[in-house]
Structures are given as C-alpha cells and as structure tokens.
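Residue numbers (this note's numbering), protein chains in the order written: chain Y, 367 to 580; chain X, 26 to 603.
These are computed hints drawn from the structure, not numbers from a lab.
There's no promise every hint is true.
[As the list claims (entries may be wrong)] In silico BS3-like links for lysine-lysine, alpha-carbon gap of 30 Å or less:
{"id": "1", "chain 1": "Y", "residue 1": "Lys577", "chain 2": "X", "residue 2": "Lys184"}
{"id": "2", "chain 1": "Y", "residue 1": "Lys566", "chain 2": "X", "residue 2": "Lys500"}
{"id": "3", "chain 1": "Y", "residue 1": "Lys547", "chain 2": "Y", "residue 2": "Lys534"}
{"id": "4", "chain 1": "X", "residue 1": "Lys552", "chain 2": "Y", "residue 2": "Lys577"}
{"id": "5", "chain 1": "Y", "residue 1": "Lys374", "chain 2": "X", "residue 2": "Lys575"}
{"id": "6", "chain 1": "X", "residue 1": "Lys116", "chain 2": "Y", "residue 2": "Lys374"}
{"id": "7", "chain 1": "X", "residue 1": "Lys60", "chain 2": "Y", "residue 2": "Lys566"}
{"id": "8", "chain 1": "Y", "residue 1": "Lys428", "chain 2": "X", "residue 2": "Lys184"}
{"id": "9", "chain 1": "X", "residue 1": "Lys60", "chain 2": "Y", "residue 2": "Lys398"}
{"id": "10", "chain 1": "X", "residue 1": "Lys184", "chain 2": "Y", "residue 2": "Lys566"}
{"id": "11", "chain 1": "X", "residue 1": "Lys60", "chain 2": "Y", "residue 2": "Lys428"}
{"id": "12", "chain 1": "Y", "residue 1": "Lys577", "chain 2": "X", "residue 2": "Lys60"}
{"id": "13", "chain 1": "X", "residue 1": "Lys564", "chain 2": "Y", "residue 2": "Lys577"}
{"id": "14", "chain 1": "X", "residue 1": "Lys63", "chain 2": "Y", "residue 2": "Lys428"}
{"id": "15", "chain 1": "Y", "residue 1": "Lys577", "chain 2": "X", "residue 2": "Lys325"}
{"id": "16", "chain 1": "Y", "residue 1": "Lys374", "chain 2": "X", "residue 2": "Lys325"}
{"id": "17", "chain 1": "Y", "residue 1": "Lys501", "chain 2": "X", "residue 2": "Lys177"}
{"id": "18", "chain 1": "X", "residue 1": "Lys575", "chain 2": "Y", "residue 2": "Lys577"}
Computed from a predicted model, the values in this text were never measured in an experiment.
Residues per chain, in single letters:
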Amino acid sequence: MFSSRSNKSIELIDGFFNGVDQSLLIFKEGVKNYLHQNTASFANNLQELAKLEAESDLIRRKIEETLYTQSLMPQLRGDIWRLLEELDNLIDLSKKNLFQFDVENPLIPEELVLDFIKLTQLSLSAAEAVIPAAKSYFNQPAAVSEKIHRVYFYEKETDVFADVVRRKIFKEMPALGLSEKFHLRYFTLHIETISDTAEKVADLLTIMAIKRIV
Amino acid sequence: MIFLFLASGLFLGWSLGANDAGNVFGTAVGTGMIKFRKAAIVAGLFVILGATLQGAGATRTLSQLGSVNALGGAFTVALCAATVVAWMTYKNLPVSTSQAIVGAIIGWCFFTTSPVDYTTLVVIMTSWLTGPVLGAVFAALLYLLMRTYIRKSRVHVIKLDGRIRVGLLVAGAFGAYSLGANNIANVMGVFVNASNYTVQIGNLIIPSEQVLFFAGGLAIAAGILTYSKRVMLTLGKGVLELTPETALVVVLSQALVLFLFSSSALSAFVVRMGLPPIPLVPVSSTQVIVGSLIGIGMVKGVQEIRFKLLGSIFGGWLLTPFFAGGLTFISLYVISNVFEIPVMSRQQAVNAPQDLPVHFHFPAYPMVLWLFLALLVVALFAGGWYFRTAGQGVRSRYPLGQWDGNNGYRPLSGEFLGAEGIPGKAIIKPEPGLSDTNRNAVVKHALHLSDERRFLESMRDSLEQAQREPELQKKNERIQGMLTALHQKMNDSAEIRRFYMELETAIGPLPSKLTAAGSHLTVQEKKLALLLRLGLSSKDIAPLLGISHKSVDIARYRLRKKLDLRKEDNLIQYINTV
C-alpha cells in the first residue's frame, strides 16, 4: 500500500518536472515564432503554454497536498515544497513573458532577431539545466553539484549577452526612438528573469542537496 | 508488603521508561515519521519482552557485585539511586541509572560490611567505557554501510522515506527489547536476592526473578506510555537536525550494544568459539548514544569535537556513583536505626562475618570505611566545584536528553560535535542565549567593522603611496583623492540612515507626546532628540550629526525652545520621561 502511494507521488513529481521542461520548450518556440512572425504558431504556443501552466499548478498542489496529508518526508517536505514553488515560477514566467510579447507586440528590428533568439536560448539553457539537477536531488543528491554548475554558467552568459544586446540597442541603433529602445530593453530583461529564477532554484538545490547528503 | 518495598524500584523503572524511550523512538516520533501511539505500544511491548526473556544476565552481574538480600535494603538502594538520578537530571547534570545503582549497591555493601566483588566492579566500570566505544564503532560501521547503500542504490527520496520509516520501527522495537533486557537490572536487580515472591498459574510456577522482571518491564512500559510523549516530541525537535538516516544508525548501534551486554546466549556462543565471555552488565543507553554520535562524526570528518564538554559529561557520570553511594549509606543508617527496618538478612549472608550487624554499628574494617568517606567528601567538594563551573556550561549546552526543571526535557542532539559533524542546526547553531535578532545585530556589526577596516586600510595604503610620491603635483592629487573619499565616507547618507534606523530599533521611536509636542521639529532636531535619549554628550553627538560641538549646543537650545521648556527643566530628563 505504501509502495503504491509512493509510486504515485513519484509519478506526480516526474510529471511536474516534465511540465516545466515542456513549458520552457514552448516558450523558446513561441519567441522564435514571434520573431519570425509566424503568427498562427505563436498563438498556438500561447494556448499550449496557458494550458500547461494550469495543469502544472494542479499537479504541484496535488504533490504538496500529498506531502503534507500523508506525512511524507517530514524533514524534507518544506524544502521540496519551496523547490516546487520556484520551479513553478519558471512556468509562470514563461507564460507571462510570452503573453507580454503578444500584448505589447514589441518592434524588434531585423538585425536584433538573431540576438534575441540567442538570448532566449542562453536564458532557457540555464533553466533547462536546472531540471536534471532537481531530478537528481530526489535520487542522487551527491550529483546535484555536478549538474548545477551549468545553470550558473548559462546564467552568467545570459547576463553578459543581455548587456551586449542592450548596448547594441542604445548605442548602435540611432534609428530607433527612445521609447522603442526602452521597450526592447524591457524585453531583454523579461527574458533574463528566466535564467535569474533558474539561478535561484540552483541556489536552493545546492543547500537542499547538502542537507540530504548522508 | 513486598509491593510497598518494590515501589522505589517501580518508580525507577517508570522514570527510566519515561526518559530512555526517547533514546529509542525520540527522533522517529518527534519528526513525525512514526506516530506516538504506535511507537509507545511497540516500545512498551518489546521492553516487557526484553526484560522478561533476557533480563537475567545483567542482573546476575549486579548481584555478584553486592548481594542486597533484604527488602528494606533493596528498597533503600533503589530509592537512593532513583533520587540521585532525579536530582541530577533536575540539575541538568549528565547522569546514568546504571552508575547510580552501582554506586548505591556499593554504598549498601559498605554499610553492611558485605564484601564487594571488585572483579565484577572492574568489569562493570570497564563496560561504562567500552559501551560508548562500541557504540561509536558500530555507528561508524553502520553509517558507512548506510551511506554506501543510499549512494549506490539511488533510491528515490520518497521510497527511501518509506524504508527508513520501517527501519526506524524495527530498530526501535529492537532497541526497546535491548533496553528492557539490559536496563531491567538497574530497576529490579537489587530486589532479586531479597524477594522470593512466586506466582502460580495452574501448574505453572513463575519464579520470583521472572515476576520481578515482568513487574519492572511493566513499570518501564508505564513510563513510556504515560510520560514519554513529551520527551519524544522534544527530543525529535532537538534531533531534527539528525537526518532520519543518521537517527536509524544511532538507534541501531545503541540497540546492538545493549543487546551485546545483555545476551547470555551470545556470550555463551562467544565462549564456545574459544573467546572470553562478553560481560553481561547494565550500560547506559544515553552514553552509548553519545558514543554513536561521535562515531558518526568521526566518519563524517569532524574537525572539532568539543572535548571539554565531553569531559564534563563524563565527569558528571563518574560523580553519580559517589553521590548514590553516599546517599545510600546515610539512608541505610536512617532506615535501620530510626525505622528499625532490617536492611540485610543474616541467614543469606554466607560470605559475611558471623557477627554481622543488622542494625548499624561501626563497621568491622574501619580503614575501608574511612577511605570511602574520604572519597565521598572529595566527591562532594568536586561536585560543588562542578556545579559552579562546568555545570553551568553543561546546563546551557548539555546535549543529552534529560529533565530540565523549568522546560521539561532537554533534548539529545549532536551538539557536542563540531561544525562539520552531523549536518544541521544542532551543530552549527549559535550558542544558546544568543537569539537570532542579537546574532543578526552582531553579524551586522561585524560586517560594518570589516567595512570600516577595509576603508582605513585603503586610506593607509594611499597615504603611504602619497608619501613615496616624488612629484608634488601627483602627491597633491593623491591627497585630494583621499580627501574626497573621506568626505564621501563622512557624508554616506545610507550609513547614517542605517544608524538612525538601528538606533530607533534599539531604543524605540520618539514618544508620541514628544513628536506631537514638537510636530514642528526638523529632521535634524528629531535626530538630536534620539541621540539625547541614548544619553550621549554634545561632544559625542557632534560627529554623528555632522556639525560642530558648538552647533550641537545651539541645536539643543532651539529644541528646548520648541518644546516650550522652562529654564529649570532638564532637556534630557524631559525627553526620557515624556
């Protein structure tokens, strides 16, 4: 009985991780579609992401409820609860950012398209690297530190590249109006927040892993 | 009548159950891994089983030490041991029932001039050392095994949680069985030779020893069921920092050691193997746990075991037999002479001299008695010193599970291990007494100091460079740079703001009456009022407000005017009293 209950909880946690991973992929596709002006695909990405976010919220709540109602891992559940919340933030941010593209419809000049794609890829690489690290916390905590360094690397790279893009926007594109420059700057910041959140998760995971290592 | 005499032993059993069950199930219950009801039922059941089935070995050894053969004597011995345990736990001093009972038996032997089996005494005292050492060895080995298993199996944390729950329950049951088997000697050992109360059920005659063990087991179980919940819950919170995996190792190693020192079958098996027999003696479960925690700490690479604290704990344990012995000696005098209750039986005293005193008269070999009394006096002095010095330290940091007069149970934790011991708050937490708020304040202060020092060092370096600069213009430039830096530092508004915020937190905001009365006070004047509330002089206030000494006096004068103070009114008094 206990085994079936624990298997169910493990399935839920794995399902949640898959949801986070999927949302990051959809966000990446969404940004690309926006930049390449594939409007229909972009709208589809928006819908998928919204649906995924709602589903992930449900799964997260179910996991948290199971952790507390079945008194699972009384010492670790607080940490795990925080980890799930932070990972859920990644989905929320992806959704929020993609919707901002839709609502604010920023004007992205042709010469910045590749830069924005690269920035998105870097930022999402940090977030994607956090998922295997989070998974290994559950069955191989000693391996977390080996996986976490990629998150820090990509986060730093994202910061550097975002600065490069912003510099380019403000210094090399006199044709753009100040408001447009500001607008573009905000979008670089929006994309950066995903890697920043991933870094937060990585910090949390580092501490959690130390606590778990026997 | 026998039940009246047994009461002291049963009380000892009850307190042992209330206290020591925490060592077995404390972590599991306190952390919510196992419910208290389940833990108490399992512990109670297995304690009775252990006591009844396997309690004879350790009890026999205690009987060899000194054969307490009258119920009055047994009652006094058990009562004195229980009193010393209760008193020392109340004082938050490390104590063990095993040491107390041994001391009390020796006290009885000295009083009645019965022979003490020193070979047995040496065996018992050796076990006090070997118990924790074995605990450390078992814990280290089990910990290594557990670590290898967890790392290699890569089992999911949820599944691991389930397995550890089962493990804690099984280990707890084993621990309770071993506790009953080993520690029943402490509770009922002194009554075995004094009682011949048998029970007959049909054709089945239950011998006196088994009846006593069963009664003692019931008393321990009663202690577990009635009073150990609080102990377990508090203990669990204290050991929360011990991971469940580590707790499992600790409980298992403790159970193994207790089992080893109480299993006649195992001892016989060892003898058959051609090895010396395992001494069957009662050992303290708490001491074994301390040993186990050290063992784990060693494996994990402890850098700094607090040997001083450990020393004080062991010191406390060594004092226990002296206290118990002394109290028993005095109590036996009172019991035999005031209440005229026989404390020793003539008939059974085979080894004793013919003219053995049932009631007290000066013993046959006074030298030994004087030696004993001298030791007692030394112990009392040492105890007094201990209370005044080490006792205070132990009181605040004592890591073992003991009763605390004011706060109930003081939990067992790995506190005496260094910062790299068992991970968690118990190891790395600041000294008790330093609250989080105070700690934050100290940390802030330390950071501020370090900031200041860095600034001063940079100033010193710049000055040295300016001194070495041959060109006048460059020298002036450097000095100008330093002046600018100094000005910036002095006008660092963030720093000043932080200071005033801290000041307000420390002494509270200005009283509403004052702010209402002086609602037209400027910011500078409000700051001045705050600093005056702190009791600073104008000279001290001047640099904090960034004005001269004289300006502070003028500001004070203006403040007085705004607050409508008369000439005879004292400004500081007014600010402090409104």
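A quick look at each hint next to the structure:
no.	hint	verdict
1	Y:Lys577 x X:Lys184	18 Å, holds
2	Y:Lys566 x X:Lys500	47 Å, violated
3	Y:Lys547 x Y:Lys534	10 Å, holds
4	X:Lys552 x Y:Lys577	46 Å, violated
5	Y:Lys374 x X:Lys575	77 Å, violated
6	X:Lys116 x Y:Lys374	50 Å, violated
7	X:Lys60 x Y:Lys566	35 Å, violated
8	Y:Lys428 x X:Lys184	18 Å, holds
9	X:Lys60 x Y:Lys398	54 Å, violated
10	X:Lys184 x Y:Lys566	27 Å, holds
11	X:Lys60 x Y:Lys428	23 Å, holds
12	Y:Lys577 x X:Lys60	24 Å, holds
13	X:Lys564 x Y:Lys577	52 Å, violated
14	X:Lys63 x Y:Lys428	28 Å, holds
15	Y:Lys577 x X:Lys325	13 Å, holds
16	Y:Lys374 x X:Lys325	34 Å, violated
17	Y:Lys501 x X:Lys177	16 Å, holds
18	X:Lys575 x Y:Lys577	58 Å, violated
Comparing the model with each numbered hint stated earlier shows that hints 2, 4, 5, 6, 7, 9, 13, 16, 18 do not hold.
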